[in-house]
Amino acid sequence: MFESLSNRLNEVFDRLRRRGTLSEDDVGAALREIRIALLEADVALPVVRDFVAAVRAEAVGQAVLRSVTPGQMVVKIVHDHLVKVLGGEEERGPSGGPAGLDLNAPAPVAVMLVGLQGSGKTTTAAKIGLRLKTRERKKVLMASLDVQRPAAQEQLAQLGRQTGVATLPIVAGERPVAIARRALQVARGEGYDVVLLDTAGRLHVNEELMLEVAAVREATTPHQTLLVADAMTGQDAVNVAKAFAERTGLTGIVLTRVDGDARGGAALSMRAVTGKPIVFIGTGEKIDALEPFHPARIAGRILGMGDVVSLVERAAETADKDDADRLAARLEQGRFDLDDLASQLRQLRRMGGMSSMLGMLPGIGKIKRQIDAANLDEKLLARQEAIISSMTKSERKNPKLLNASRRIRIAQGSGTSVPEINRLLKQYQDMAGMMKKMKKLGQRGLMRHGLSALMPGGGGFHR
Amino acid sequence: MRSWWRSTPAAEDAAPPEPTAPPPPAEPAEDERRGWFSRLRAGLAKSSARLTDGINAIFTRRRLDDVALGELEDLLIASDMGVGVAEEVVDALRKTRFGQEVSPEEVRGALATEVVRLVQPVQKPLALDVAKKPFVILVIGVNGSGKTTTIGKLARRYQDEGRRVVLAAGDTFRAAAVEQLQIWGERAGCPVITRPQGADAAGLAYDALEMARRDGADVLLIDTAGRLHNKADLMAELQKIVRVLKKLDPGAPHAVLLVLDATVGQNAHAQAEIFRQMVGVTGIVMTKLDGTAKGGVLVSLAEKYGIPIHLIGVGESAEDLRPFEAEPYARSLVGLEA
Chain Y
1 MFESLSNRLN
11 EVFDRLRRRG
21 TLSEDDVGAA
31 LREIRIALLE
41 ADVALPVVRD
51 FVAAVRAEAV
61 GQAVLRSVTP
71 GQMVVKIVHD
81 HLVKVLGGEE
91 ERGPSGGPAG
101 LDLNAPAPVA
111 VMLVGLQGSG
121 KTTTAAKIGL
131 RLKTRERKKV
141 LMASLDVQRP
151 AAQEQLAQLG
161 RQTGVATLPI
171 VAGERPVAIA
181 RRALQVARGE
191 GYDVVLLDTA
201 GRLHVNEELM
211 LEVAAVREAT
221 TPHQTLLVAD
231 AMTGQDAVNV
241 AKAFAERTGL
251 TGIVLTRVDG
261 DARGGAALSM
271 RAVTGKPIVF
281 IGTGEKIDAL
291 EPFHPARIAG
301 RILGMGDVVS
311 LVERAAETAD
321 KDDADRLAAR
331 LEQGRFDLDD
341 LASQLRQLRR
351 MGGMSSMLGM
361 LPGIGKIKRQ
371 IDAANLDEKL
381 LARQEAIISS
391 MTKSERKNPK
401 LLNASRRIRI
411 AQGSGTSVPE
421 INRLLKQYQD
431 MAGMMKKMKK
441 LGQRGLMRHG
451 LSALMPGGGG
461 FHR
Chain A
464 MRSWWRSTPA
474 AEDAAPPEPT
484 APPPPAEPAE
494 DERRGWFSRL
504 RAGLAKSSAR
514 LTDGINAIFT
524 RRRLDDVALG
534 ELEDLLIASD
544 MGVGVAEEVV
554 DALRKTRFGQ
564 EVSPEEVRGA
574 LATEVVRLVQ
584 PVQKPLALDV
594 AKKPFVILVI
604 GVNGSGKTTT
614 IGKLARRYQD
624 EGRRVVLAAG
634 DTFRAAAVEQ
644 LQIWGERAGC
654 PVITRPQGAD
664 AAGLAYDALE
674 MARRDGADVL
684 LIDTAGRLHN
694 KADLMAELQK
704 IVRVLKKLDP
714 GAPHAVLLVL
724 DATVGQNAHA
734 QAEIFRQMVG
744 VTGIVMTKLD
754 GTAKGGVLVS
764 LAEKYGIPIH
774 LIGVGESAED
784 LRPFEAEPYA
794 RSLVGLEA
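Top to bottom, those sequences are chains Y and A. For the first sequence, the tail end lands on 463 under this note's numbering, and the numbers increase by one without skipping. For the second sequence, the tail end lands on 801 under this note's numbering, and the numbers increase by one without skipping.
Next comes chain Y alone, as it looks inside the complex (with noise of 0.2 Å):
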């Protein structure tokens, strides 16, 4: 989602990069543009206002006049301040990784959710339902306390049912403060950990549907209020969660849809605004796509950085350990043959897709579009596979061997084309090209140059 507002910052520092010195002037212009791509990433004028004062505050200075890259020096401050406004490094669990939901409570813990109508509620509350019970082994008990949607309650129940997390019966005319209260007798008699109560969809301004929430927060004590706010959001999101805070005492936000396109200001601002923290963020329409909110690694992918944690946490849970330590090793190594191609593949396949994997890798969000625009999809995926399955294993070893007679074999075996194959080598070569790259710089410069110092000057993706 933060796509389009890396693009914006990566055209400003592009253009400082360029140059050898900075002078105020090139400062104040990189502000500039950084508070219009704000801006029109959705972020809250307020916010903007707070950021680009404090990004200047640091940007105009010696420091970076005397720096070698001054380009670079902003990049780290900007980058400093994204993470400062999105969290910070200090909201961190006990294991060091991000804090997660609270539940240090006494049970049953009641967790309920709020948010405007269409935000995402019922889905959100499935899948924090989902995720308690599969990785911290809760006994969850959810309840929709919506009266008003038509179906709402039915769209739970049947939500329920496919997590296999367990819904309150529903009873027909109940009031939601009186199915709160029921729901907290049921988990007290059965000995449920949770109890998430998932109300209705409200406006901020709507007096009387706020009392109710109101009334439901004091007849149910919850242990945590999630704000659940969609990522399309724009500069309503500060009173949104203004209000919201006020009003039911939010101890978190849950962002939803983070997956689209949205540049996604609201996380910003809601943040800015709140000081609680985004416990979760929605990533796809699957019941699983739920996941904590890493701001140092958002505010990377902000700035073109890329999310290579996230990428590797997400290969390690979906790829058996062996591959995934393979692939390190290979990647260590700068080795890459095409039988990791293949393996990476099948992978990408798995974790859902290009797309949203592309998005996190550092530096590629150029790429991303113009896979997007080319209308790459999953079927593409499977063909690739079917050509490599097609070589003989010494061709994926060394694919130097595959010359023209082989090519035709390969794609009269596969079902595909010789220009197919061809494409699928040079996207190999490319890689591996990439990975060679990778090895030399290190860790450390890729995080400082991102994936435009792999590209080849001029190159094909670098604009």
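These aren't lab readings, by the way, just hints derived from the structure by calculation. Hints are not guaranteed to be accurate.
DSS-like cross-link-like pairs, simulated, lysine-lysine; straight-line CA separation at most 27 Å [claimed, not checked]:
{"hint": "1", "chain 1": "A", "residue 1": "694", "chain 2": "A", "residue 2": "709"}
{"hint": "2", "chain 1": "A", "residue 1": "703", "chain 2": "Y", "residue 2": "379"}
{"hint": "3", "chain 1": "Y", "residue 1": "379", "chain 2": "A", "residue 2": "694"}
{"hint": "4", "chain 1": "Y", "residue 1": "379", "chain 2": "Y", "residue 2": "393"}
{"hint": "5", "chain 1": "A", "residue 1": "709", "chain 2": "A", "residue 2": "587"}
{"hint": "6", "chain 1": "A", "residue 1": "710", "chain 2": "Y", "residue 2": "286"}
{"hint": "7", "chain 1": "Y", "residue 1": "138", "chain 2": "Y", "residue 2": "379"}
{"hint": "8", "chain 1": "A", "residue 1": "767", "chain 2": "A", "residue 2": "694"}
{"hint": "9", "chain 1": "Y", "residue 1": "286", "chain 2": "A", "residue 2": "587"}
{"hint": "10", "chain 1": "A", "residue 1": "694", "chain 2": "A", "residue 2": "710"}
{"hint": "11", "chain 1": "A", "residue 1": "595", "chain 2": "A", "residue 2": "709"}
These numbers come from a predicted model, not from an experiment.
For chain Y, the structure is supplied; the task is to place chain A on it using the hints.
This is chain A only, laid out in the frame that chain Y set:
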């Protein structure tokens, strides 16, 4: 929350008992009969109050200088109007009023004029062509934008006008989406064509059109699953629905309504752009305009794409789905009386 279907005895009788229905909240009756403009104003008041207060604060007995113009631009940006349009409006003011002492009313008037200039061309009602039997309306949008609710309200509207309406529950993906539309169908008293969850939405649309034809329906409203516009496979699915409809009626769908949530920020542009490219959006419905910040993005959308804006939603009830009108909309937005 007002609920027209519960406050109308006839509808109450017709509808089977609803497990989810709360008792009707007390609501003054005259509220139901208020003119649509006052409803829109009431809805917009909360957001325009902020804008208005801001404008007052900046311009009361003040010279229109660069600082004042900069603050005005910021205020416009804060209403989701977008940086480009905000700059345009401010530049227009700069050309005519720079250095003058201006009152808040003048600034608001000028702003309203500019907003009207931008949105007037896209003020087009959703016109049904009675020659088309049925007139097929496909309703699309991202998740949670309010497609099903909009269909429910439209169904009710057309049914009240004496048209025969058929609904197609094309959201076969989301849990209980079909049930949600069925309840709306029961309330409006029109048939809802369904298939089990996970069924092919295009097949359903085809069947629905066939059935609506056979029954001599006037309007067929087709619901679709919410989809993010950057998901190629889901957009292809939408294209398939259109393709399949055209097999029965080359002119179908006669209207493709893109439903946008008013709280959306600049991403509305990407949504409009891609949905338009993929399935040819013929009109926009903006829902949930009764919150705090909104409308701004509608102005920049109008300027950029010129897609007709048919309807705006300013409340929960069916009457709150209203034709979009540039003049009152603009004046409401900047906090002027009608």
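Going down the list of hints, with the structure as the test:
1. Of the supplied pair hints, the one linking residue 694(A) and residue 709(A) holds, its CA atoms being roughly 23 Å apart against a limit of 27 Å.
2. As the CA atoms of residue 703(A) and residue 379(Y) are separated by approximately 18 Å, the hinted pair is consistent with the 27 Å bound.
3. A C-alpha spacing of about 14 Å is found between residue 379(Y) and residue 694(A), which places the hinted pair at or below 27 Å, so the restraint holds.
4. Restraint check: the Cα-Cα separation between residue 379(Y) and residue 393(Y) comes to about 24 Å, which is no more than 27 Å; the hinted pair holds.
5. The straight-line distance between the Cα atoms of residue 709(A) and residue 587(A) is roughly 25 Å, inside the 27 Å bound, and the hint therefore holds.
6. Pair hint residue 710(A) plus residue 286(Y) does not hold up; C-alpha atoms about 32 Å apart against a cutoff of 27 Å.
7. Annotation: proposed proximity of residue 138(Y) to residue 379(Y) is violated, straight-line Cα distance about 38 Å (limit 27 Å).
8. A C-alpha spacing of about 23 Å is found between residue 767(A) and residue 694(A), which places the hinted pair at or below 27 Å, so the restraint holds.
9. This hinted pair does not check out: residue 286(Y) and residue 587(A) have alpha carbons roughly 38 Å apart, beyond 27 Å.
10. At roughly 25 Å between alpha-carbon atoms, residue 694(A) and residue 710(A) fall within 27 Å of each other, so this suggested pair holds.
11. With a C-alpha separation of about 13 Å, the suggested pairing of residue 595(A) with residue 709(A) holds against the 27 Å cut-off.
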